[in-house]
Amino acid sequence: VGDEHNGYRTVQFRKEIEKHIRYYSHALNAFSFSVDENIPKTISKMEYIQEITQISPMYQLAIPQPIKVQQLFKTTSNSFYGEMYEQLNILGIPELHKNGITGDGVRIGIVDAGFNKSLDAFSKILDENRLIAERDFVFDDNNTSDESEDGENGYIQSHGTGTWSIIGAYVEGKQVGGAYNAEFVIAKTEDIRSEMRIEEDNFVAAIEWFDSLDVDIVSSSLAYRDFDGNINDYSYEDMDGKTTAVAKICNWAADREIIIVTAMGNEANTYPDINQSIWSPADAFGVIAVGADSSGEVASFSSRGPTSDGRIKPEIAAPGVNITHTNLRGGVSTGNGTSYSTPLIASGIALLKQIHPEWTLNDMINAFSENSYLPNSNNDIGYGIPNFNQIAINSFEKDTIKSTIKIWPNPTKSNIFIKWTNTDPNETINIYNLLGQKILTTTNVSYNKNHELYIKLGNIPIGIYFVQTKNISGKFVKY
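Residue numbers (the working numbering): 189 to 667.
Simulated from the structure, these hints should not be mistaken for laboratory data. Any given hint could be a false lead.
As the list claims (entries may be wrong) - As a list, the in silico DSS-like pairs of lysine-lysine whose alpha-carbon atoms are at most 30 Å apart:
hint, residue 1, residue 2
1, Lys312, Lys286
2, Lys362, Lys305
3, Lys312, Lys362
4, Lys362, Lys286
These numbers were taken from a predicted model, which means no experiment stands behind them.
With the sequences and hints as input, model every part of the structure.
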């Protein structure tokens, strides 16, 4: 809708649809609403309405048969990680865990088809109050687990339970996820009884909800392009990073400094041209799209880029065949798909985010590029499988370019001097207390030819403080 609904138009607008509104998206400046077939015709005549799109048919949907739980896949086990060890080890994640990097303080949002919170795999998260919030956008309540009153019978939450477990599971010796100490916000947006654009609507609402809860990273193992009955299917030309509702909201979220990690899709063999098999929101500018790797090569099912406007996709890949995850019995099963590759990459990004809270989407992509074993990215596996431990090591080495800094006097009362050698300070200096709270930011830094900077601290409590500035590489370093 446009921005002109004021005065008489506002009254008219509200009378027509207010009582039918499902969601209002501030990001997209759009409403979704449930109405009979005649009201859209009336609303479309209003001059400030730009477009109306049907997102769900007007009929009762059938509930599918239960999904069978896969048998246990015999893979390399470990006394701490259990059956999840191998998929994490390929990504260098256990080495980061050994150094205490387990996702502490990083908030991860997950969108999927429901989550079984009662399993032992998630008890550590619940016991430590790290499940910050949950929301069911399909049935409009605050319980993302299957409920009998929803007409569900326990199996719909299978997929979300699996993807969440790859990141957050913790049953020592049996199943441990890649960022098990992170905080979580979970959203049920996918209705597996059908495939309709109304699920995009739920997705949009969830991303805006995540933003309101200060989510740092989103793991999305969902994708959209073809819909039941060919109602409002997207074409390959629509995979341009700016057409679908989910692509638009992901681009908006990137501007809000949320890092969205999303699956490429499993449709490589569905289309005549394998390089036109990408599904949205993997096409969005503001996401890290993840492909599936199988023993060093792209998995046969993994959707391929480029986007219709010519950008290389995916950005990165992770193992996507025989991936171990928690099943609805609380044990472990294996599955294939970019759905399982995505939370593996989200786990690694959460660990990097713990080390470098200031890193943005572009910083993450640059890190993949700079540490890739491939000469160039490609439309099969992007920059390939990353080693997150090596990325972390290299980031520290980059931040310790030969330069020294001296700060005096120590202790001080109200003033400090700072002196650099071999490099000039950038234009931003931050001072933090031991709680990580920023107490001073200095811009428009002035310094003499000896690189001596003078800062007035003002009235601050006695204590220990950290000075943060940028070195020659442009990265923030604390002293």
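Now the hints, each set against the structure:
1. Lys312 x Lys286: 19 Å, holds
2. Lys362 x Lys305: Measuring from Cα to Cα gives roughly 17 Å; hence the hint holds.
3. Lys312 x Lys362: 14 Å, holds
4. Lys362 x Lys286: 18 Å, holds
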